[in-house]
Amino acid sequence: MKILRDLFKHHLAFRAGAVIVLLVFLLVSLSFFSPYEATERRVVPKNQAPSLNHILGTTALGQDVFWLLTFAIRNSLMVAGLAVLIGRSIAVLLGSFSGYMGGGVDKVLQSIVDSFIVIPRLPLLILISVIVKGGLNLWGLALLLGFLDIFWPSKRYRSQILSLREREFTYTAVFSGMNTFNIILKEHFPFFIPYLLADAVSGFLWAIGMEITLAILGLCDLTRPTIGTMIYWGNYYQALLSQRLWVLAAPVIGSIFIVVAFYLISTSLSEYLDPRTRLKRLGASQ
Amino acid sequence: MSFLAEAKDLRAYYITRSYGVERTVKAIDDISIQIKEGEILSIAGESGCGKSTLLKVLLGAIDPPLRIVGGTMQYRFGEDYYDVLSMSVDDLKKKRWSQISYIPQGSMHVLNPVRKIGNTFHDFIVTHRDLDKQETGKMARNYLGRLGLSAEVMNVYPHQLSGGMRQRVTIALATVLSPKLVLADEPTTALDVLVQRGVVQLLKEVQQREGSTLVLVSHDMGVHANLADRIAILYAGKLVEIAKTERIFNSPTHPYTQYLIESLPRLDDKSDRTSIPGRPPTLENPPKGCRFHPRCPHALEVCGQKVPPLTDLGNGHQTACFLVSEVDNSEPG
Amino acid sequence: MNLLKSYLLPRIAQWVITVFIGITVTFIIPRLIPGDPVERTLSSLGSLQTLDPRAVESLKEALADLYGLDGTQFDQYINFWKRLFKGDLGPSLSAFPTPVIEIIAKGLPWTVGLLTTSTLISWSLGIALGTLAGYSPKRLWWQIVDKAFISIYPIPHYILALILVMVFSYYFPIFPLVGGASGKPTLSWTYISSIFEHSLLPATSLIVLSTAFRFIMAKALTTTVAGSDYVGYAETAGLSKWRIVLFYVIQNTMLPQVTDLGLSLGAVFSGALIIEIVFSYPGIGYSLYMGVFQADFNLILGITIFSIVGIATAALIVDLSYPLLDPRVRYK
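In the order they appear, the protein sequences are chains C, D and G. According to our numbering, the residues represented by the first sequence are 4 to 289, in order. According to our numbering, the residues represented by the second sequence are 40 to 372, in order. According to our numbering, the residues represented by the third sequence are 39 to 370, in order.
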């Protein structure tokens with residue numbers, strides 16, 4: 004909590020990011036008060052430019068862009084959030100297991116992890132989506148994205164664990180007879196968790212991008228509004244050619260605000276956590 | 040007496056500000072010291088007493104968060120005087136290596152790991168001399184030869200050298216342009232004992248052959264005993280005693296110096312070595328009066344109230360201690 | 039020979055493992071879904087009605103052969119490998135009976151061209167700018183560049199490309215919208231300049247995003263290296279700024295960048311595929327898009343396998359070149 008307060012007070016980028024994220028959540032919570040159902044079509048006049056009645060205009064399917072956007076952002080955030088939760092949980096387990104075990108187990112695991120890091124994920128993602136075809140609802144998508152985003156983070160977590168293992172307080176704890184589980188829980192996790200939070204954002208950004216990509220290819224549930232499917236339908240009814248820019252502008256600008264805000268928060272958080280900055284905060288000795 | 044560098048009433052603080060927390064570390068608090076031409080001056084003290092900072096100021100390398108808060112600092116080269124604190128960074132950099140040089144602590148990492156030693160020599164020489172690559176190479180090889188180092192090192196990378204060899208190469212790199220003043224910061228730390236001896240000898244040799252002045256910072260009193268003409272003792276950002284080496288070792292007057300000397304092992308003495316009670320104070324919030332008084336066994340009432348002035352005891356021996364100055368005052372004449 | 043044993047051989051072994059794991063995964067995935075894969079594939083093929091019955095029959099045979107459904111799973115797995123060793127990825131379903139490998143070969147030069155040019159440019163540009171920004175972080179100019187890259191970096195490939203399409207192809211139609219070149223492939227100036235013109239927007243999207251990534255990484259690395267003893271010592275000795283940046287900072291920050299390039303090639307490639315889709319650039323990514331569009335499962339599978347092997351190999355080449363840059367690996 005002190006971290007957040009400090010950052011909010013003294014870090015401009017963090018403040019900007021936090022304010023945008025709050026606005027985004029406000030927008031998402033508005034979706035619960037929407038006058039229309041998320042999947043309803045032909046409820047408003049088609050292809051209306053932004054006006055007082057429909058502040059962001061309407062789509063070719065007769066949906067109000069503003070209210071549709073609140074649902075879309077909610078779903079996209081949910082998919083990305085769930086994917087991160089799934090992927091990072093497994094990554095933490097894998098990374099810490101590998102890091103704490105060390106030796107041959109670590110070697111074998113790392114070589115598998117390195118393999119998956121090199122393998123390009125998009126073709127694999129497309130291959131799987133094509134096979135399960137249509138069966139990929141929002142939950143399935145989150146699960147799939149989560150599973151494909153385990154390896155890079157697990158490698159990073161492993162090296163964090165390795166460096167924590169080498170630190171002085173670990174040795175002190177070992178010599179004072181603390182058992183391994185307690186050391187991990189009491190000595191290592193307090194260091195690890197803020198790092199994890201900052202790092203999770205990168206997975207979040209990736210998941211948002213991949214959701215959009217798969218939706219553009221028509222490979223996920225197109226009846227549910229997400230940022231990706233909004234663009235898909237916009238393209239489908241040729242929003243660009245027919246100069247109905249508002250249909251695409253809403254999800255495009257919305258997604259940019261979301262990713263930039265989350266990224267700003269993550270970079271300012273990791274800057275705050277950087278040992279060098281920490282040293283400065285604690286006061287430099289010689 | 041001609042001096043090469045002189046600091047007067049110098050105050051150098053580390054001032055940092057981060058996320059609303061401001062901190063001031065008073066690394067050097069009112070120190071005056073003269074460095075005489077041709078001497079080897081050693082600066083001793085526990086870690087965190089300000090000795091490395093003093094060396095940085097002598098070098099004129101005053102980068103934030105380090106700031107000079109008060110006092111003056113001068114160089115004298117020939118007949119010319121230079122006010123270090125008002126010199127531009129560029130002018131200071133021009134003086135480096137050709138006039139003032141620096142041998143850093145931990146030579147493990149001061150050489151660029153991906154550059155051949157010969158190229159590093161070229162970089163350092165060409166910055167101060169208008170020579171081409173062949174000439175700098177020749178100059179470096181000749182100098183290495185004079186120091187008894189093989190010219191082979193020119194063609195290798197730092198990681199291919201042993202720790203001791205790397206430190207010798209660093210000494211050669213620092214002194215290749217025959218600077219008048221050489222500042223060395225813990226040049227033997229992190230080396231094993233046999234190698235330390237060689238490095239100390241090399242330093243002495245360079246100083247004698249080139250007739251340069253050497254200022255040496257170390258926490259190792261053994262190194263001081265071997266090398267120094269004069270020794271300055273620093274405690275918590277203050278100069279507490281300065282004298283010729285034999286006087287420091289044979290008749291130290293400041294209680295802190297006495298502790299330092301007593302804690303050294305002696306061949307003829309089998310009694311337990313006493314260590315100094317208590318811990319050194321933080322430089323952020325040092326005690327009032329004499330900074331040593333909380334740990335001093337002879338502390339007087341005045342020690343906790345007033346800062347003892349540096350008192351001249353004759354023969355260039357100076358001490359900042361009320362025990363000495365009080366005694367001086369009470370004796371007639 | 040020490041180098042071979044302690045550095046080169048482990049990398050080559052890692053390549054073998056990567057290819058093995060990647061191919062095995064692509065073998066397993068289609069088999070995890072219940073049902074007859076031949077029927078499933080045929081039923082999803084929209085263009086089936088237009089094919090004459092004889093072609094459908096041979097397509098069925100090809101598919102059965104392709105999936106190698108005879109024998110145990112293990113036999114199938116062995117057969118899968120045998121075919122791959124012959125470079126046989128089977129026929130495309132939408133353009134039957136054109137072999138998938140032929141479609142890939144057609145798209146490959148475009149993708150490789152786009153990828154190498156943009157990687158080379160973004161890698162050098164990102165490192166150069168990032169190093170300078172990291173070395174003088176207080177300059178206003180670098181702070182602006184820094185903020186700009188930080189705001190660009192998280193933008194998804196598709197979104198950035200879409201914005202470029204909107205701006206430059208609809209509102210300021212300076213650049214051609216689709217394709218890789220115009221006219222017939224000849225060695226004429228017009229053809230070559232049309233390649234350049236067509237690649238400008240796709241390459242720009244890729245370059246902007248990859249440069250942002252390299253910039254951020256280079257800046258962080260530079261901050262670390264700039265605080266190192268050897269840079270501090272060179273500064274103390276008064277070495278000129280360009281000499282320090284060039285020989286002391288960049289030569290060191292470049293090393294982790296090379297390692298990272300090897301590891302991030304897969305991500306870069308994925309980005310390139312998306313960009314090709316947006317700009318209808320005639321590379322592998324566009325073939326993949328057509329594969330998805332026409333439910334050509336075999337083409338998708340082939341491209342997946344090909345990209346796994348291709349990227350693993352490219353990453354190996356990057357890895358093997360590392361000792362040329364780092365003497366600590368070269369002379370151990």
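Just so you know, the hints here were simulated from the structure itself, not pulled from any lab data. Predicted, not measured: the structure shown is a model, and the values here were computed from it. Honestly, I wouldn't trust all of these hints.
Unchecked claim - Computed beta-carbon distance windows for the label pairs:
| # | chain 1 | residue 1 | chain 2 | residue 2 | range |
| --- | --- | --- | --- | --- | --- |
| 1 | G | Trp280 | D | Asp259 | 54 to 64 Å |
| 2 | C | Asp277 | G | Trp280 | 47 to 57 Å |
| 3 | C | Pro193 | G | Lys120 | 47 to 57 Å |
| 4 | G | Trp280 | D | Gly261 | 17 to 27 Å |
| 5 | G | Ser174 | C | Lys12 | 21 to 31 Å |
| 6 | C | Tyr198 | G | Leu41 | 32 to 42 Å |
| 7 | C | Val46 | G | Thr297 | 28 to 38 Å |
Glycine included, each C-beta is placed from N, C-alpha and C at the ideal position.
Structure-based check of all given hints:
1. Range check, G/Trp280 to D/Asp259: Cβ separation about 39 Å, and the 54 to 64 Å hint is violated.
2. The given range of 47 to 57 Å is broken by C/Asp277 and G/Trp280, whose C-beta atoms sit roughly 28 Å from each other.
3. Checking the proposed 47 to 57 Å range against C/Pro193 and G/Lys120 shows it holds: the Cβ atoms sit about 54 Å from each other.
4. At roughly 43 Å, the beta carbons of G/Trp280 and D/Gly261 sit outside the given window of 17 to 27 Å.
5. In this structure the hint that G/Ser174 and C/Lys12 lie 21 to 31 Å apart at CB holds, the actual value being about 27 Å.
6. With their beta carbons about 35 Å apart, C/Tyr198 and G/Leu41 fall inside the hinted range of 32 to 42 Å.
7. Restraint check, C/Val46 to G/Thr297: a C-beta distance of roughly 54 Å breaks the suggested window 28 to 38 Å.
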